[in-house]
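Each protein sequence line maps, in turn, to chains A and B.
Counting from 1 along the first sequence, just add 812 to a position and that's the residue number in the numbering used here.
Counting from 1 along the second sequence, just add 198 to a position and that's the residue number in the numbering used here.
Please note: incorrect hints may appear among the correct ones.
Unchecked claim - Okay, derived cross-link-like pairs now, DSS-like style, lysine-lysine, Cα gap no bigger than 30 Å in a straight line:
#: 1; chain 1: A; residue 1: K852; chain 2: B; residue 2: K204
#: 2; chain 1: A; residue 1: K1178; chain 2: B; residue 2: K210
#: 3; chain 1: A; residue 1: K1178; chain 2: B; residue 2: K223
#: 4; chain 1: B; residue 1: K306; chain 2: B; residue 2: K326
#: 5; chain 1: A; residue 1: K1022; chain 2: A; residue 2: K956
#: 6; chain 1: B; residue 1: K306; chain 2: A; residue 2: K1005
#: 7; chain 1: B; residue 1: K210; chain 2: A; residue 2: K970
#: 8; chain 1: B; residue 1: K210; chain 2: A; residue 2: K1153
#: 9; chain 1: B; residue 1: K264; chain 2: A; residue 2: K1022
#: 10; chain 1: A; residue 1: K980; chain 2: A; residue 2: K970
#: 11; chain 1: A; residue 1: K1007; chain 2: B; residue 2: K306
#: 12; chain 1: B; residue 1: K325; chain 2: A; residue 2: K988
#: 13; chain 1: A; residue 1: K849; chain 2: A; residue 2: K916
#: 14; chain 1: A; residue 1: K846; chain 2: B; residue 2: K241
#: 15; chain 1: B; residue 1: K325; chain 2: B; residue 2: K264
If you are wondering where the hints come from, they were derived from the structure by calculation, not from laboratory data.
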Amino acid sequence: MKTSFDHAKSAARFIADKERAHWHDQALWFVRQKRDKAVKSIPEMEELRRAAEEIKSHTMEYLGYYLELFEERANANGIEVYWASDASEHNAIVAKLLEEYGAKRVVKSKSMLTEECGLNPYLENLGIEVTDTDLGERIVQLAKDHPSHIVLPAIHLKKEDVSKIFSKYLHTDPAKSDPEYLTHAARHHLRRKFKEADAAVTGVNFALAKEGAFVVCTNEGNADLGAALPDLHIACMGIEKVIPSAKELGVFTRLLARSATGQAITTYTSHFRKPKPGGRVCVVIVDNGRSGLLEGENSKTLSCIRCGACMNTCPVYRRSGGHSYGYVIPGPIGSVLAGAKDVSTYASLPFACTLCASCDNVCPVKIDLHERLRHERKEAIKVSKYTSKRVFLHMAAWVLQRPGLYSALMATMRFVLPHIPRSILYNRFNIWGREREMPMPAKKSFKDLYNERTR
Amino acid sequence: MSARDKIFDALKDRRRTPSFFPVPKVNHSVFDDRVAIFSQNVKAAGGEVVMLKNPYRDEIVKHFPKEGEVVDTREEVSSIPYKDEIDLAIIEAEFGVAENGAVWIDPKERYPREFLTLSENIAVVLKKDAIVDTMHEAYGRIDLFGVSYALFMAGPSKTADIEQALVVGAHGAMCMKVFLY
Ligand code: SF4
Chain A
813 MKTSFDHAKS AARFIADKER AHWHDQALWF VRQKRDKAVK SIPEMEELRR AAEEIKSHTM
873 EYLGYYLELF EERANANGIE VYWASDASEH NAIVAKLLEE YGAKRVVKSK SMLTEECGLN
933 PYLENLGIEV TDTDLGERIV QLAKDHPSHI VLPAIHLKKE DVSKIFSKYL HTDPAKSDPE
993 YLTHAARHHL RRKFKEADAA VTGVNFALAK EGAFVVCTNE GNADLGAALP DLHIACMGIE
1053 KVIPSAKELG VFTRLLARSA TGQAITTYTS HFRKPKPGGR VCVVIVDNGR SGLLEGENSK
1113 TLSCIRCGAC MNTCPVYRRS GGHSYGYVIP GPIGSVLAGA KDVSTYASLP FACTLCASCD
1173 NVCPVKIDLH ERLRHERKEA IKVSKYTSKR VFLHMAAWVL QRPGLYSALM ATMRFVLPHI
1233 PRSILYNRFN IWGREREMPM PAKKSFKDLY NERTR
Chain B
199 MSARDKIFDA LKDRRRTPSF FPVPKVNHSV FDDRVAIFSQ NVKAAGGEVV MLKNPYRDEI
259 VKHFPKEGEV VDTREEVSSI PYKDEIDLAI IEAEFGVAEN GAVWIDPKER YPREFLTLSE
319 NIAVVLKKDA IVDTMHEAYG RIDLFGVSYA LFMAGPSKTA DIEQALVVGA HGAMCMKVFL
379 Y
C-alpha cells in the first residue's frame, strides 16, 4: 500500500455509483437489524457482553500463561503447535508443512489471519493450488478480488456480478442469477475440490487452553468437511485467540452469531481436540504485531472476536464499502488495527468516522472503538499529509485560550467572511472545505443575543 | 531466538499463573417448555423437528423423500474412508439446546467425521428430556477431555453470501431433521 492511500478518495469511487452505494448501505443495515432482533431476544445480553469483556481482559493479562498451557495440552492431545513471529514466518511454516506432505491442493476455510499474512499468493507462487471454500471468499477469489467484509466477504457484489463470475469459471448459465442456483453450482464445484484436496487450512475462533482444543465456527460446514477429508489439517490463529477453557464458550457462542448475522448460533460450532485416526493436526500461532499492540493504548482491540457488527452499524463503512479502507480488516476495528500497524499509510482511516460510537454499542466484547479511533486521530495528525490541519488546530487552540482575541476575531470574521471570494476561502490548505460548504455566519453571535435578552 | 522464545519474551510479564479463573456469572433465561422453544429454534435454523415414539431406522427413512444410501451410525459402521455422497446419515445427538436449536454430536470416532458433512440429509435422533436451556448449561454438561472431535449443529448447512439471500445446502447437509423421542 502506498502512502498516498486516502480513504476519502477511494470512497469517492465507491459512491460514484449512487444506486449501488445505496444498495450496499441497505444490505448491511438489514444485517444490523437482524442483529438487533437477536440481541433483544435475550434479556441477559448486557451481562453477557460484560462477561465476555472480563474473560478477554483476564486472558490478555495472563496471555503468556494461557498460550503455554494451550501448547502443552494440545501437544498431549497429539496436536502439533508451531510459532510464528510475523506473516512471513507463518507462511513459511504452512508451506513447509504442506511441502513435507507433498500437498499440491489445499482447501481453505475462512481465516482473516491468512488473509492478513497473504498466505494464498505465497502458496500459489510455490505451485500449490489454494481453494477458498467459504462461498463469499470463493466468489472474491475467482474474481481476483479481496473480501470487503470479515463475515460477508462478497457483500460488495450483486448477484448479477456473481453470475458473471461463475459463468466464466464454473460454466453456469449466464442468464441465471438466482442465489440458490449459484450457491448450488458452487457446492458442486467445491465438493470436487474437497475430495481432491491433500490438506485443509482453517482459521480458529477460540483456542481452549485447559483442554488443548480449538473451536471453529461456520455456517456452511466447509471447515468441518475440509478438516475431515484430507489427512493434514493446519489451523492458523493469532496469539489473542486463546481463552481459558471450554466453560467460557457458553458466553462467546451466545454472542458471536447473534452479533454477526442475527442467528442464535452458527450452524457448525466444531471442537477439535485430537487428530482423526491416521490424521495430523498442526496449529500455527502467529504474533505479527499483536504482542506489541498488547502493551499500547489499543490493547483492548485484541479482544475482538471478528463478528463484523461494528462494520454493519458504521454509517461510514456502509456508505463507503470495505475496499475503501485499503486494509485487510475494514470498518471501525480495521481502522484502529491498521493505524496501530502503520500510522502513516493508514492516516486517513481514523477520520473515516463520525465518532457516533454506534460501534461501541454493538461490540459484543465492549471494545471502546470510538475512543480508539479518537486516539488514532491524535497519532494520524502528526503525519505530514495532515500538516495544514495540525497547524490550523494549534492556531485554533491558541486563539480559543484567549477569549478577548477570540471575540474580536469572530466579530471580524462575521463581517469579512461573506465577502471573501470562493477561490480564496476554499483554497487547497482548507481541508475542511474540500467536501463541505462553509455555513454563512450569523449576523450576531450567541453572546450578543444573550446580552441583548438579559439586558 | 526462535519465534516461540520471541513471543514468550514479549509476554514475559503475562506468564504468571492466574490466582483465579474467570467464571462468568450470567443470570440467564430458563424456559418452561424447553421442547417447544427448541423446536421453534430448530425451525429458525432451517431444520425441522419430528416427534417419533420409536426412532427406528425404517420409521426415520420414511420422512425423507429419496431412496438411497442410508447410514445408521447407531449401528456398526465401516471405518473405511467414505468419499462418496451418502443420502441419509442417522446420527444420535447427546443433547439439544433450547435457546438456539443446536444439538451436540460427538462421533467418538465410531464413524468417519465426514459423515456429518458429506451426507445430503441428516436425521438427528434426540431424547426429549435431553434438552438444556442455554449454552451455559450445554458447556456445563460437556466434558471435552473425553472428546476428539465434536460439534454443535444447528439446522442444515447454509449461506447468505450472495446478496444476503439465505440458501440452504452450502457444503454440508441440504436437509436436517431432529427426531425427538
Ligand atoms: S470490534 Fe467488536 S463489533 Fe467489531 S468485529 Fe470485533 S468484536 Fe465485532
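Outcome of the hint check:
For the suggested pair A:K852 and B:K204, the alpha carbons sit about 44 Å apart, so the restraint of at most 30 Å is broken. Annotation: proposed proximity of A:K1178 to B:K210 holds, straight-line Cα distance about 26 Å (limit 30 Å). Proposed proximity of A:K1178 and B:K223 is supported: the alpha carbons are some 17 Å apart, at most 30 Å. As the CA atoms of B:K306 and B:K326 are separated by approximately 22 Å, the hinted pair is consistent with the 30 Å bound.
Distance hint between A:K1022 and A:K956 is unfulfilled; the C-alpha atoms sit about 40 Å from each other, more than 30 Å. With a CA separation close to 27 Å, the supplied pair B:K306 and A:K1005 stays within the 30 Å bound. Distance restraint check for B:K210 and A:K970: the Cα-Cα separation of roughly 49 Å exceeds the 30 Å cut-off, and the hinted pair is therefore not satisfied. Our distance criterion of 30 Å between C-alpha atoms is met by B:K210 and A:K1153, whose separation comes to about 22 Å.
The suggested pairing of B:K264 with A:K1022 is violated, with an alpha-carbon distance near 44 Å, which exceeds 30 Å. For the hint pairing A:K980 with A:K970, the CA-to-CA distance comes to about 16 Å; that is within 30 Å, so the pair holds. Using a Cα cut-off of 30 Å, the hinted pair A:K1007 and B:K306 holds, with the two alpha carbons roughly 23 Å apart. Distance check on the hinted pair: B:K325 and A:K988 sit about 44 Å apart at the alpha-carbon level, beyond 30 Å; violated.
Pair hint A:K849 plus A:K916 does not hold up; C-alpha atoms about 45 Å apart against a cutoff of 30 Å. A C-alpha spacing of about 17 Å is found between A:K846 and B:K241, which places the hinted pair at or below 30 Å, so the restraint holds. The hinted pair formed by B:K325 and B:K264 meets the criterion: a straight-line CA distance of about 26 Å does not exceed 30 Å.
The structure does not agree with the numbered hints 1, 5, 7, 9, 12 and 13 stated previously, though it agrees with the rest.
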